[in-house]
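Just so you know, the sequences run in chain order A and B.
So for the first sequence, the working numbering puts the first residue at 1; every next one is plus one.
So for the second sequence, the working numbering puts the first residue at 1; every next one is plus one.
Do not rely on the hints blindly, as some may be mistaken.
Derived, one-sided and incomplete: chain B residues facing chain A with beta-carbon distance under 7 angstroms [unchecked claim]:
#1 PRO107
#2 ALA111
#3 PRO114
#4 ALA128
#5 TRP156
The set of hints was computed from the structure by calculation and includes no laboratory data.
These numbers come from a predicted model, not from an experiment.
Backbone N, C-alpha and C define an ideal beta-carbon position, used for all residues, glycine too.
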Amino acid sequence: MTAPSRDHLLPPRSVSDMGTTADAGGDTGFDHLVRPPAKAHKSHSRRRTLSTRSLLPGSILGLWCLLTYGGVISAQLLPSPSVVVSTLSNLWDHQQLAYQLRVSLGRSLLGFAIGAGAGLILGAASGLTLIGEELVDAPMQMLRMVPFLALVPLFILWMGIDETPKVALIALATVYPVYLNTSTGVRHVDKKVVEAARIFGLSRGRLSKEVILPMALPQILTGIRFSLGISILALVAAEQINAKAGIGYIMLNAQNYDELNVIFVCVLLYVVFGIIADVLVRLVEHLTMPWRAGVSVR
Amino acid sequence: MSDQMSTHSFTAEPAAAPDPAMAAVPAVSFRGLSVSFEQADRTSHQVLRHLDLDVPRGQFIALVGRSGGGKTTILNVLAGLITPAAGTVSVLGRTPAEARTSIGFVPARDALLPWRSALRNVEYGMEARGVDRHERRRRARHYLDLVGLEHAADRWPWQLSQGMRQRVALVRAWAVQPELLLMDEPFAALDADTRQSVRLKFRELLARDPSVSVIFVTHDLDEAVLLADRVIVLSGGEFIADSMVPPRDGHDGTSDELTGAHLALLRDLRNALRHGRDDGRI
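Whenever a hint applies, use it, and build me the whole structure from the sequences.
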């Protein structure tokens, strides 16, 4: 009568006594413990990554083939891949595509260099010094809200229709992302690290150069990445201004003569520009910040 | 309020410095030190009120108090990062800014530069002071060896555990061969086991060079009594206790256990800290 109730008061003798209903099959007492499944070894091979990455673009290409060769959409509205390829080779042979590309990329890069350079200098000035912030920050914050596309007519009035307004437009569009990221990146550098560096006796100049700017570099590069993308965007807008050469010039002509396939080629070329820009920035990130390898979430 | 304060205050004779010649110039000395910060509502908040302190050479002082008590502010004044509102400060017989070249600093979080390897992080304190390249490398390797990090010299900071990072920060300060070491809760970010082992490394370093004076900020009274020669309790911007720690004979530093006289001291200091809170600011 009393035995069961007293048993109840006893502390569990082993792990197996707890939780499991006393089946007590094995003599080890740990039968109910389960070995956690070994974490599947992640063989994130290069080949698999590549195939995953190309899955979406590949299906889009497939869909494109299906729609055009299957005759779902008329060739008047959507040219087939083979037509686009032949148009591309045609452009290369008869319209000096290589030269046009050089002109467009040159505009884009020159504008970007001016814009990003100014953004970097202004951002550093605003982030590092109080007087810089007071001088620069408020005007920049106001100006950045002006859509640069709205300035195209103004630029034409001020600078004519040559190269100047095109490059100026790209420069203006690319200055803000670099400015914003540089100034906030510099301002939000870990204060404790800066204090430690000061106590170790680093002068103001060396502090900025050797500690603060490198620390803000990841964010500065984010700004540069944004800016490079925007420089392509601004290039398209800029090349609508009476272009005599460049991708935009080909595009304008095609628009006038209803050459849909040529427009398609130009759009694809802009896509290629975008990809090149992105790869470029990744490369720079990789080269300048080898220490960041471990920050990745994966 | 102040008379109530005095009932809890301990007074102790400052310890005699090991070398009388060096004692002529104290490691740290300030008189009437006051610091105030302007608050958001434009009123000024007094963080330190008319403090006097003399730290003889070679003394290890622990500054204890709750957060916001002004401990770190004192360190910042000594490092020359803050200009006091009133009072005179001398560090190693010079102004704080001039004395910087003789100061080592260990921050609470390691403050390592992520783009430098462990070795290069140790070098960077010396670099700022113009130690030549060859000597820098030699010393950095030597000190990393001393704290058992020779195998980690070429790793990036993110590849190191928190305890390893803090050891790197420790030897970065040591490698500049400072006369005065400022430490701001250097072990606070570590778990108990790691803290004990890093502390042990720290004491080994300290034992090699007893002439180094240390100002050690902590909120942990146990740690203060365990490590320091003298413990000062800070509350509401004032010193409310100043006690010498009895010698730790035979204490090899491997254990964090305190006994006898040390426990009594700990109890007294804890009381002081508690009362300091009771009659403190609203």
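Verification of the hints:
1. Checking PRO107(B) against chain A: minimum C-beta separation of about 5 angstroms stays under 7 angstroms; hint holds.
2. At a threshold of 7 angstroms, the smallest CB-CB gap from ALA111(B) to chain A is about 4 angstroms, leaving the interface hint in force.
3. For the restraint placing PRO114(B) at the interface with chain A, the shortest Cβ-Cβ distance is roughly 5 angstroms, inside the 7 angstroms limit, so the hint holds.
4. A distance limit of 7 angstroms between C-beta atoms decides the matter here; for ALA128(B) the minimum to chain A is near 4 angstroms, and the interface restraint holds.
5. Nearest Cβ of chain A to the Cβ of TRP156(B): about 5 angstroms, under the 7 angstroms cut. The hint holds.
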